[in-house]
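Number of protein chains: 2
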Amino acid sequence: MSTAIAFTPSLPSAKVIHVDTRGAIILSEESPETRDSRGIYLPNHIEPVSHIAVDIGGSLAKVVYFTRSPDPPPSPSVAATRGSSTTSEISTPRSVSPSELSVPEDPSVRSPSPLSGGGRVSGALTPLVLDQQQQQQDTHTDSDSLSSTLHDNLLRHTSFSRPRNFPGGSLNFERFETDNIDACVAFIQELISRSAEVNGVSIEEMRRSVKIMATGGGAHKFYELFREELQVEVRREDEMECLIEGLKFFTMIPDEVYYFSDELISSVSHHQPVGTTLPTNASTVDEPSTSTPTTTEPQSQLQVPPPPQLERPSPDPPKYGVTFESNPTPQLPCLLVNIGSGVSIIRVDEDGSFERVSGTSLGGGTLWGLLSLLTPATTFDEMLALSEAGDNSHVDMLVGDIYGQDYSKLGLKSTMIASTFGKVFKKGGTQRTFRPEDISKSLLYAMSNNIGQIAYMNAEKYGLERIYFGGCFIRGHAATIATLSYAIRFWSKGTKRALFLRHEGFLGSIGAWIRNIDSEESESRD
Amino acid sequence: MSTAIAFTPSLPSAKVIHVDTRGAIILSEESPETRDSRGIYLPNHIEPVSHIAVDIGGSLAKVVYFTRSPDPPPSPSVAATRGSSTTSEISTPRSVSPSELSVPEDPSVRSPSPLSGGGRVSGALTPLVLDQQQQQQDTHTDSDSLSSTLHDNLLRHTSFSRPRNFPGGSLNFERFETDNIDACVAFIQELISRSAEVNGVSIEEMRRSVKIMATGGGAHKFYELFREELQVEVRREDEMECLIEGLKFFTMIPDEVYYFSDELISSVSHHQPVGTTLPTNASTVDEPSTSTPTTTEPQSQLQVPPPPQLERPSPDPPKYGVTFESNPTPQLPCLLVNIGSGVSIIRVDEDGSFERVSGTSLGGGTLWGLLSLLTPATTFDEMLALSEAGDNSHVDMLVGDIYGQDYSKLGLKSTMIASTFGKVFKKGGTQRTFRPEDISKSLLYAMSNNIGQIAYMNAEKYGLERIYFGGCFIRGHAATIATLSYAIRFWSKGTKRALFLRHEGFLGSIGAWIRNIDSEESESRD
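Heads up: the protein sequence lines correspond to chains A and B, in order. Numbered by UniProt numbering, the letters in the first sequence go through residues 1 to 526 in order. Numbered by UniProt numbering, the letters in the second sequence go through residues 1 to 526 in order.
Hints are supplied without guarantee of correctness; some may be wrong.
In silico negatives: residues of chain B with every beta carbon more than 10 Å from chain A [to be verified]: (1) 44; (2) 205; (3) 264; (4) 319; (5) 333; (6) 349; (7) 351; (8) 389; (9) 475; (10) 478.
Coverage of chain B stretches by chain A, computed from C-beta distances (three or more under 8 Å per stretch; other residues unrestricted) [said to hold, decoys possible]: (11) 212–219; (12) 361–375; (13) 415–427; (14) 453–466.
Within a straight-line C-alpha distance of at most 27 Å, the following computed DSSO-like cross-link-like pairs (lysine-lysine) qualify [what the hints assert, rightly or not]: (15) 461(B) with 496(A); (16) 493(B) with 461(A); (17) 409(B) with 461(A); (18) 409(A) with 221(B); (19) 461(B) with 409(A); (20) 427(A) with 221(B); (21) 461(A) with 496(B); (22) 413(A) with 461(B); (23) 409(B) with 211(A); (24) 409(B) with 221(A); (25) 409(A) with 211(B); (26) 461(B) with 461(A); (27) 413(B) with 221(A); (28) 427(B) with 221(A); (29) 493(A) with 461(B); (30) 461(A) with 413(B).
It is worth saying that the hints were derived from the structure and are not from the lab. Fair warning: this is a prediction, and the values are worked out from it, not measured in the lab. Don't be surprised by glycine CBs; every beta carbon is placed ideally from N, CA and C.
Work out the full structure, taking the sequences as your base and the hints as a guide.
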């Protein structure tokens, strides 16, 4: 049964910003496979951070850590999208075509080998002990003087030293297969020892300074493993609380949130929705602001009357322009649908209190499990690539297959899927063969659409207009996003909106990371 | 989008009973495989009937026809259940254990060969021409005299002749694979020629007298085929209208409707629900009646406070006693969830008007398609039998697999399924093997539970307490019924009830059959 868990929202709020997200820039990905784990540069963040957050789900373990740097990484690691870094800039939602949503090309879930000389361990943690030393020094020395003991580095830069409270640094994101949790442990071990080396402190000192903020089910299952292997403090945080905390954080990062606008790019429909002529940038927000809870842009766009008739959902829904939210504002209340191995559906109230109201066991693990058995794909991303080349009508039973025509009286077109996999039955004990591409396309669509349908019904039940989809199932895959988005658009008759996040899989881990900032602060100020 | 189609309810209503269902008796099955297609004896029905109804869905074609007889078939074809045949009898819901719900043992969908000497063609149609002749004779002869031209036969009995308006006869039910529609056509052809022979009329005369009432998608797809092969009139009826008509009919047949009562037989739970002590027969309806819309028994039982805490749905939910509705009363408003190859969800208002409000493509065709590829089962029933011997925890990822324990804060037990098929992923490109039994159990549960969840949300949205599940997916299979029923019980906290029908797959065909009774009547009386 779902349980109401109320907690006070702490981040981001209008009054106390623990993580200063002003001017945050999403760094461009190094390769398509790292699309969802590109770094976020926070030019204004000052608080010292020396902990590592890890969210261990049923299939993937997601890691977040922070490395200091006064400057964003140089080109080619420039900002991937236009960040709203200056407050004087007139900011409007940015619209791009869906093809700009990169589909991962290299399908393997990366398991970086931290021992293979660098890899993605691109920065070092700042041990708190150095901050404490620095704090003591600051009382004796001029704040402008250099502190030779502080080595916050991005390895791409030469080392430098700055006063304790210089701002700037990057959030780093990594993921590993839970089934291969040892790779995750080894990565963190390498990060810790590297940080000790870079900062010139002993490994014992570094370990005392570092803390693991663990969430997700694996935080419990692997608690002892992390403690014993890493010899650092491990703190466990509630999974749902971290998800919500993470959602609140990410919705404050410019260009993190995106959605399909009402601008129709192409339609498989012969009904041309009225909304076609609506310019995407119709709604202009004058002042970018990280803290003023003005009317959110998606909400104001929803005032536009929806198209009079929407085609039923299908694997090839009408295509709409993608809009990035460059001017983020608080997005509560909302529904959060987190699609990992399974699916959790969480209602978030305006004050940040929340309840897990629903869920389904038909999630990413189901799709990947089925397609593991039914296709030669060896990874989830390979399966996504297969689905791109598929035609579901070879395996799905369409209305036309049953009726020989449309079911006009109910407005069900002949191309509508009546029964997923309805053509794949044995006849007289013999089984025909089907293309892996068609199987992948059918099941990816069916799973996504089912989640969209259940999400819609919950949003309807609780009167929520904004539905955020998170979790590693999404993987920035255009077909998945379009299906989820269109399901919400269709069932809600355009009154509700599906919203997505570039770092969709990292809500829990960033939430756990943030929770420690809070607790550190309350500890240090008590 | 769903379209509202309003039509005036014609059957059964309190004032005009076209099909007299008083005293209706469900005949016992001849074998487990015919569980859902056992005949219904109508001792009081008088209207002449010479048409055949067929509902052709994506996977199955369902046939209904009527054969006259003044007496119910003799033992061993006696009534399967106690019918409420006398109005003076005090009637209470009958409670039986779930094991009394027979699970089909012979797994093949029967495709009777009508040419193999008898088979299930157990009776003959009465050609209308004979009724018309009889009608003319009746004006000249005493109504008590025997008419030698009228031969309504059950072949098990010797021939007899009776006046036109003697009451009694049986509804007969047959199903065929749509993929093998020729077998269905051949069966009807045999029925027509046999009826001509038995009644001593020419085949041409018989064909002029017979009509096919066709519904379902195949009514359109196979319209020409039926007309050309059978050389009889074929009339097409709307699928949804027939479903609702059929539901209204079946809910008037004693012992047709059944549901799980609040009487707990055994529970996997350590929480013992309060409702355990509630006697099933607590709510006694004094007067059986087919026409007085009194408070329905299921409704009155719903007044009982629900158990305080229900375990989450699982493939092994707590077991409740099965109650047959021996004293049927009109059951509107309600939600009808028809699970065929796909799923239609229809809201039915108190006045009989209805709207297809939702549906899902994840239905019987999906399950059977997946299991065709994933198991050696050659039929749907064989797959159901496999699932009985399965353990889903070998393929599903449970909360305990992720957490190593319960997720106590949210009340999610370690045995709860977090991700269906979540353990079935390839690792390093190699695929482990899984037992067909475990695969069947997992997917049957997941599909059933998903339908139950979507059904519940629609019932909630429209404020409906009664949810009827129809369609050939159910097949009287105890695990399917228990899953659907428990999903409704759990999600609605005991405030809504799942109801089932013995002839679950024949709603559309019986609806089409009844619609012709109406039109015949209006034609003959105009």
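Hint-by-hint comparison with the structure:
1. Listed as outside the interface, residue 44(B) is consistent with that label: its C-beta sits roughly 35 Å from the nearest C-beta of chain A, beyond the 10 Å cut-off.
2. Residue 205(B), annotated as away from the interface, keeps every beta carbon of chain A farther than 10 Å; the closest lies near 32 Å.
3. The claim that residue 264(B) is not at the interface with chain A holds, since no C-beta of that chain comes within 10 Å of its own (minimum 18 Å).
4. At the 10 Å boundary, the C-beta of residue 319(B) stays outside the reach of chain A, the nearest C-beta of that chain being 20 Å off.
5. A cut-off of 10 Å between C-beta atoms confirms that residue 333(B) is not in contact with chain A; the least separation is 19 Å.
6. For residue 349(B), the shortest C-beta to C-beta distance to chain A comes to about 17 Å, beyond the 10 Å cut-off, and the non-interface label holds.
7. For residue 351(B), the shortest C-beta to C-beta distance to chain A comes to about 20 Å, beyond the 10 Å cut-off, and the non-interface label holds.
8. Every C-beta of chain A lies more than 10 Å from that of residue 389(B), the closest at about 19 Å, which supports listing it as non-interface.
9. Every CB of chain A is more than 10 Å from the CB of residue 475(B) (nearest about 15 Å), matching its label as outside the interface.
10. The beta carbon of residue 478(B) is kept farther than 10 Å from every beta carbon of chain A, the shortest such distance being approximately 21 Å.
11. Judged by the Cβ-Cβ criterion of 8 Å, the region 212–219 of chain B is covered by chain A as claimed, because 3 of its residues qualify and three suffice.
12. Counting residues of the region 361–375 of chain B whose CB falls under 8 Å from any CB of chain A gives 12; the rule of at least 3 is met.
13. Here's how the region 415–427 of chain B fares: 11 of its residues keep a CB closer than 8 Å to some CB of chain A, so the rule of at least three is met and the hint holds.
14. Coverage of the region 453–466 of chain B by chain A holds [criterion: at least 3 residues with CB-CB distance below 8 Å; count 6].
15. At roughly 16 Å between alpha-carbon atoms, residue 461(B) and residue 496(A) fall within 27 Å of each other, so this suggested pair holds.
16. Between residue 493(B) and residue 461(A) the CA atoms are separated by roughly 16 Å; this keeps the pair inside 27 Å, and the hint holds.
17. With a C-alpha separation of about 24 Å, the suggested pairing of residue 409(B) with residue 461(A) holds against the 27 Å cut-off.
18. Between residue 409(A) and residue 221(B) the alpha-carbon distance is near 16 Å, which keeps this suggested pair within the 27 Å criterion.
19. Among the hinted pairs, residue 461(B) with residue 409(A) is consistent with the structure: their alpha-carbon atoms are about 24 Å apart, no more than 27 Å.
20. Restraint check: the Cα-Cα separation between residue 427(A) and residue 221(B) comes to about 20 Å, which is no more than 27 Å; the hinted pair holds.
21. Restraint check for residue 461(A) and residue 496(B): the C-alpha separation of about 16 Å stays at or below 27 Å, so the hint holds.
22. A threshold of 27 Å between alpha carbons decides the hint, and for residue 413(A) with residue 461(B) the separation of about 25 Å falls inside it, so the pair holds.
23. Annotation: proposed proximity of residue 409(B) to residue 211(A) holds, straight-line Cα distance about 24 Å (limit 27 Å).
24. Between residue 409(B) and residue 221(A), the direct Cα distance comes to roughly 16 Å. Compliance with the 27 Å bound is thereby established for this hinted pair.
25. Restraint check for residue 409(A) and residue 211(B): satisfied, since their Cα atoms lie roughly 24 Å apart, inside the 27 Å limit.
26. A hinted pair counts as satisfied when its Cα atoms are at most 27 Å apart, and residue 461(B) with residue 461(A) qualifies at roughly 7 Å.
27. At roughly 14 Å between alpha-carbon atoms, residue 413(B) and residue 221(A) fall within 27 Å of each other, so this suggested pair holds.
28. Taking the CA atoms of residue 427(B) and residue 221(A), the gap is near 20 Å; set against the 27 Å cutoff, the hint holds.
29. The straight-line distance between the Cα atoms of residue 493(A) and residue 461(B) is roughly 16 Å, inside the 27 Å bound, and the hint therefore holds.
30. Distance hint between residue 461(A) and residue 413(B) is fulfilled; the C-alpha atoms sit about 25 Å from each other, no more than 27 Å.
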